[in-house]
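Chemist: Throw the hints in and build the complete structure from the sequences for me.
The opening residue of the sequence shown carries number 2 in my numbering; numbering runs sequentially from there.
Simulated from the structure, these hints should not be mistaken for lab results.
Think of the CB as a built atom: it goes at the ideal place given N, C-alpha and C, for glycine as much as any other residue.
Heads up, some of the hints might be wrong.
[Said to hold, decoys possible] Computed cross-link-like contacts, BS3-like style, restricted to lysine-lysine with a CA-CA straight-line distance of at most 27 Å:
# : residue 1 : residue 2
1 : Lys71     : Lys156
2 : Lys48     : Lys120
3 : Lys69     : Lys55
4 : Lys69     : Lys48
[Stated by the list, open to error] Computed beta-carbon distance windows for the label pairs:
#  : residue 1 : residue 2 : range
5  : Arg66     : Gln14     : 38 to 44 Å
6  : Asp166    : Asp46     : 34 to 40 Å
7  : Lys143    : Lys167    : 27 to 33 Å
8  : Tyr61     : Ser163    : 30 to 36 Å
9  : Asp16     : Lys36     : 18 to 24 Å
10 : Met144    : Gly8      : 38 to 44 Å
11 : Leu32     : Ile176    : 28 to 34 Å
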Amino acid sequence: ISVAKDGVFIFSQADVVFNSMSIYELENASLKNPKAFIQPVFLKDGKVDNAGMKWIWPGYGIGVRKFKRKIYPTDIVTSITFATQKSNFEKLGLYAECFAPAYYEDVDLALRAKRLGIKQLVCGKSFVNHRHNESFKSRYSKMDISDICRANRLKVIERNYSGVDKNLRLVALKIIDGI
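Modeler: Written out as structure tokens, the structure is:
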């Protein structure tokens, strides 16, 4: 996490390459929207890979491929790279370690942020290239990654929902995922 001027945090994983003006656009978007998490548009091989995420019942995130050249809302910010005010992190805290080694920690963070009234936005003027951590993929098989994703989806539901809604989501995920 790095702190830019005016108390703006810009978080980025090591496998992200910033395009010209991306940090400037994220910082300005955060200054204009102080109670928000704001992600850039992620590119892979020159094409839009993620311009926000739809959160679909019972507990799946689907990357949005279309974007607008402005600041606009999304269901979930993909926290591979995002900007927010320092005060938002002070209220929220960081990632939950129970999601290690990876996957769904961003969904958990975004859902916790939403409960605190922190908006989820995309800055359609900020572009980054996501190289998709090849070292991670070299350490885990596709089956291992699928198992991690299934387990972490359940953790998101356990941590962020309650009552009948939580129970219905858990049952549906276990049936869909064959657990």
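Chemist: Work down the list of hints and note, for each, if the structure agrees.
Modeler: Verification of the hints:
1. Proposed proximity of Lys71 and Lys156 is contradicted: the alpha carbons are some 33 Å apart, above 27 Å.
2. With a C-alpha separation of about 26 Å, the suggested pairing of Lys48 with Lys120 holds against the 27 Å cut-off.
3. Simply put, Lys69 and Lys55 have alpha-carbon atoms about 16 Å apart, close enough for the 27 Å limit, and the pair holds.
4. Simply put, Lys69 and Lys48 have alpha-carbon atoms about 14 Å apart, close enough for the 27 Å limit, and the pair holds.
5. Between Arg66 and Gln14 the CB atoms are about 20 Å apart, so this pair departs from the stated range of 38 to 44 Å.
6. In this structure the hint that Asp166 and Asp46 lie 34 to 40 Å apart at CB holds, the actual value being about 38 Å.
7. At about 29 Å, the CB distance of Lys143 to Lys167 agrees with the hint of 27 to 33 Å.
8. The hinted range of 30 to 36 Å is not satisfied by Tyr61 and Ser163, whose Cβ atoms lie roughly 19 Å apart.
9. Taken as a hint, the range 18 to 24 Å is violated for the pair Asp16 and Lys36, whose Cβ atoms sit roughly 28 Å apart.
10. Hint check: Met144 to Gly8, Cβ distance near 43 Å, so the stated range 38 to 44 Å holds.
11. Taken as a hint, the range 28 to 34 Å is violated for the pair Leu32 and Ile176, whose Cβ atoms sit roughly 45 Å apart.
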